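Let the hints inform the model, and build the full structure from the sequences given.
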Amino acid sequence: MDEYIGIVKLFTGTFAPRGWLFCNGQLLQIQQYSAVYAILGTQFGGDGITTFGLPNLQGNVPVGAGTLNNITYVQGEKGGNTKVTLLATNIPAHTHTGTGKISVSASNSTEQVPQEGNSFGAPGSMVSRVFTPTLGFVAATPTVNLASNITTGATVNTVPTEPVSVLQPYTAMNYIICIEGIFPPRP
Numbered sequence: 001m002d003e004y005i006g007i008v009k010l011f012t013g014t015f016a017p018r019g020w021l022f023c024n025g026q027l028l029q030i031q032q033y034s035a036v037y038a039i040l041g042t043q044f045g046g047d048g049i050t051t052f053g054l055p056n057l058q059g060n061v062p063v064g065a066g067t068l069n070n071i072t073y074v075q076g077e078k079g080g081n082t083k084v085t086l087l088a089t090n091i092p093a094h095t096h097t098g099t100g101k102i103s104v105s106a107s108n109s110t111e112q113v114p115q116e117g118n119s120f121g122a123p124g125s126m127v128s129r130v131f132t133p134t135l136g137f138v139a140a141t142p143t144v145n146l147a148s149n150i151t152t153g154a155t156v157n158t159v160p161t162e163p164v165s166v167l168q169p170y171t172a173m174n175y176i177i178c179i180e181g182i183f184p185p186r187p
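Each residue of the sequence shown is one higher than the one before, starting from 1 at the first, in the numbering used here.
Please note that a few of the clues may not be correct.
Stated by the list, open to error - In silico lysine to any residue, SDA-like type, Cα no more than 25 Å apart, as pairs:
id	residue 1	residue 2
1	K9	Y73
2	K83	N56
3	K78	P92
4	K78	Q43
5	K78	N90
6	K9	L68
7	K78	N56
Hints listed in this document are in silico derivations from the structure and should not be mistaken for laboratory results.
None of the values given here were measured: they were computed from a predicted structure.
Quick look at the structure:
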């Protein structure tokens, strides 16, 4: 079946069939591919004197040229990102809340690392008129609850500084462009 020169198709093969090339952005010689150049021009690259470029659809998604929702897409234009760094203006203000209880035990601290059910322990002890500090937490029954059912809330407008991926799920295939066939007639 003859195709119009310049038609782009998805192709699941690992080679470009005769009369087709991969849409990988390669530069071609105008003299050798004058019919293809007459259709594409330099919208995908090249100097327009000796070379012109094919569209590069490796890792890119084609989008229809034109205007939609006040955004104009010019044929041959490249755009978009695979990652975006979020700004405070991208995230609406919101509140994080939590509940908890702070308790203290009169027992000396015995643990360096808190565990579920631990209390803050006494910070040290006097031994022969020498104060010996200990670290933090104890598994003993709490003596006093300093606060119960604490509810905190804060308006948060901070964002991560690392870019986040905006890449949609994909399956990679090859795009090919017809370089030998019927020259498309103008209307």
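Review point. Where does the structure disagree with the numbered hints, that is, which hint numbers, in rising order?
Key: 3
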